[in-house]
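Visitor: Single-letter residue listing:
There are 2 protein chains.
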Amino acid sequence: MPQAPSKQPLYIRMHPDDNVAIIVNDGGLPPGTDFPGEFVLSGHIPQGHKMALRTLKEGEPIVRYGVTIGYAHCGIPQGSWVEESLVRMPAARDLDGLPTCLQVGGRAEPLEGYTFEGYRNADGTVGTRNILAITTTVQCVAGVVEHAVKRIKAELLPAHPNVDDVIALEHTYGCGVAIDAPDAEIPIRTLRNISLNPNFGGQAMVVSLGCEKLQPSRLLPEGTLTASTGSCTVCLQHEQHVGFESMIAAIMEMAAQNLAVLGQRRRVTCPASDLVVGLQCGGSDAFSGVTANPAVGFATDLLVRAGASVLFSETTEVRDAIDQLTSRAATPAVAADLIREMAWYDRYLEKGGVDRSANTTPGNKKGGLVNIVEKAMGSIVKSGTGPISGVLGPGEKLKAKGLIYAATPASDFICGTLQLAAGMNLHVFTTGRGTPYGLAAVPVLKVATRSELARRWHDLMDVNAGTIATGEATIADVGWEIFHLLLAVASGKKTWAEHWKLHNALTLFNPAPVT
Amino acid sequence: MPQAPSKQPLYIRMHPDDNVAIIVNDGGLPPGTDFPGEFVLSGHIPQGHKMALRTLKEGEPIVRYGVTIGYAHCGIPQGSWVEESLVRMPAARDLDGLPTCLQVGGRAEPLEGYTFEGYRNADGTVGTRNILAITTTVQCVAGVVEHAVKRIKAELLPAHPNVDDVIALEHTYGCGVAIDAPDAEIPIRTLRNISLNPNFGGQAMVVSLGCEKLQPSRLLPEGTLTASTGSCTVCLQHEQHVGFESMIAAIMEMAAQNLAVLGQRRRVTCPASDLVVGLQCGGSDAFSGVTANPAVGFATDLLVRAGASVLFSETTEVRDAIDQLTSRAATPAVAADLIREMAWYDRYLEKGGVDRSANTTPGNKKGGLVNIVEKAMGSIVKSGTGPISGVLGPGEKLKAKGLIYAATPASDFICGTLQLAAGMNLHVFTTGRGTPYGLAAVPVLKVATRSELARRWHDLMDVNAGTIATGEATIADVGWEIFHLLLAVASGKKTWAEHWKLHNALTLFNPAPVT
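First to last, the protein sequences are chains A and B. Positions 1 to 515 (my numbering) are the ones given, in order, by the first sequence. Positions 1 to 515 (my numbering) are the ones given, in order, by the second sequence.
Because the hints were derived from the structure by calculation, they are not lab data. Any given hint might turn out to be false.
Because identical chains share one entry, a pair is satisfied inside a single copy or across any pair of copies.
[Claimed, not checked] The list that follows gives simulated cross-link-like pairs (lysine to aspartate or glutamate, EDC-like), each with its CA atoms no further than 20 Å apart:
#, residue 1, residue 2
1, LYS366, ASP180
2, LYS366, GLU239
3, LYS401, GLU245
4, LYS7, GLU472
Make the full structure from the sequences, and use the hints.
Guide: Right, dumping it as structure tokens:
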């Protein structure tokens, strides 16, 4: 795919049918740049932006990834910049009459022998970290819990070198919300399932206020937890608490008991099939779909062959590729589930007076992505090439292995939060513009789409996929690098986000009203 | 209003027309309790719950606060418990044909001579605290900003004893949202106006990612800030930043400049008219409308007479008293604005498949409030008795003095966040069940509705209004106590929430979709 080693003017065409290609060179290319035997650039084209490979007539389809990403708003001469204003966005693909289950033939060859060192839980899941998490039923208790967490870290945690961290699962839900509204099940099950994330060892320690709508029994109904210790609750309004220090003492006592259990755990060798890898992209650019996402897609195929679970998400960023996804559905039921999630989100956006085009950001556009169709084509590449074996609604917990579409909004924090609920124990995040994204609960491995970003953010990016664009590495090279690094991180190696302790907030998806 | 000094069985009737009254005694009253010459209790009635003062026939109106709060589901004998299941909720008051502007006569007598020591800002507003706030455009930067804030507090703040705190204005908005949706103006203006809160001294220091939807120029357009220093921005994606430490250094350098300016400020004597007091209740019980809220209402009248601004809010908790509010509107335009805000919220809830009845919590009901109508009657008492002189939409900034209806959801965190945006510099919060609520930006003075709570949470509640129920104090006594304490807190006295550094999250009201 790359055209030449370095310094020379470079462009990348993704598919033989494409009539546009993106400029690779840092800083873009000036007017007069000569692609010998092809054409000369008529004006400056920024890095990552599209160049017309041949003259396009008004109304003619503009094709990238072999897909029509738009129509020429007017005539566009060969070798000129196909900028945003020249591209008319196509309508969303109709959800009727989609091709389904076209991927026939046997399963890909199993990939065996890969392992990592993890913390095995009573329910069979495996943690990549050993964390004491304090579940909260409602935002009201956040201040008290933060105070307690500081003291737990200072006074109790040092005695437990095998426990990685103590974190509060703070959120803005729990009261002042229409908790019986039709869509309220989404935030409730999200919080429930996050409490059950494999990295928390099956222990659930709950701090409740007392009068809130999201009562502990509603958050974690009897029998939700399989671990022998089950859950325990401190209720701040309980009459046993006289004064603030009494609340803190109760939380610390409960933490001490849980830390004693967590502190006994040791890493054991686990097959790669115990990984649950959540995929996401944020701050995307035109290279996302060329370098980082294809490399992640390669790693996805390896993971699925190794028997692991891989979650891909971001509904508005796959909506325009729904025909590709239904084609890859393992069964008609999976195809129907995919269509159901797309239709639900179409309606959700419509109720708010917008559509999928509300997704793209100023940074996406600056990075060369003209619209959500082009962005989506680059986004779905993360999912590799294999059959899609399941679909999760927002906040649902993983039920099976393989490649799973976990339906979530594309918002980085909301997507990450919902993937935590699904049970992810590793997170891969690709970025072109650059983001310091991180989560407290699960290690986040960040992949840069461009070498310039990887150099500048040398202590924030874990992998540089920019070498693919310049021909220094192949997609397979970087894909294997990601795969091996995932096993190392799963075994305890720290990512840059962990090194700096960079954590984003849990951000719930609540399509229901607040009151 | 109280019936007797103490120990004796006590009930409180709020209005001569009431046919129910609430039980005052801690722990409620047992069957057989004799109210001599009146009646004998047929069964146990919990504290705060209602007793039938006379036998009610099926379908008969149940009247409290002189208002029909429901209809008897079946016959209810005199002296028995009017529990939730016996009360059928009335329909919401129609928004057509409401009485308006019935409060005639001159202004209440001005209250003069009351002052506090505050930080006067260039735009004429006054801070009650002197805080360096770091505005963020997007959740992506939260981890980096938190890291920087820790270092600023440790390395820079100690040199500025006149600066109270350094806080990050962290939120979950800024990207992954439909930023051009019809309702997106609400979260955007909320964040903008919070940056301008009087407690931040007119300095705005912004940390931006770079590619986010909420660009700094959209958050704080040119000319938004009146202070001489204006705003300054650190953009993490800017090419000048090589490595994580470079981002932290840039934020710290900007903080050092702002701290130097804030550190020069001194408190000066300001009239009470410079106060902007936000009112809120949370974890309400049947005493809220009997003790704490009437005392706050008394203080509201004093504040308004002193020329201050008082914000009352919580749309679902005033909706059933809309006729009382429009009656008190100072002008027909204010009445129309009140009706507009109620109608907007009715539609917002309807779109989510619920109505105002979604408001009440398990704790409200345990505390004796059978439905939102009863809760609302107790809630609006906070607004005192004077004319309503203005209405703000959610997230709008205060434009005038007097008693203002600041339309917000009733969610404690969302209401507090929107009152911060309106420009509040003091916060009064009443609670019956008890909540450790606090804000980082503005002192929160908490008022307990019951003596039992005030005793138990002795180092979390600032004022005990429970003495009103037992006859130990009058509404005026506690009202004046709150008024004087507000002036002291405005001058620097710490509330309990400040003492323990209890802070709830900024929680935006975003009725628009996420993407």
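Visitor: Hint by hint, say whether it matches the structure.
Guide: Verification of the hints:
Proximity of LYS366 to ASP180 under the C-alpha cut-off of 20 Å is restricted to the inter-copy arrangement: shortest distance 18 Å between copies versus 42 Å within a copy. In this homomeric assembly, LYS366 and GLU239 come within 20 Å of each other (Cα to Cα) only across copies, at 14 Å, whereas the closest approach inside a single copy is 57 Å. For the homomeric pair LYS401 and GLU245, neither the shortest alpha-carbon distance inside one copy (46 Å) nor that between copies (40 Å) is at most 20 Å. In this assembly of identical chains, the alpha carbons of LYS7 and GLU472 lie at most 20 Å apart only when taken from the same copy (12 Å versus 85 Å across copies).
Hint 3 from the list above is the single one not met by this structure.
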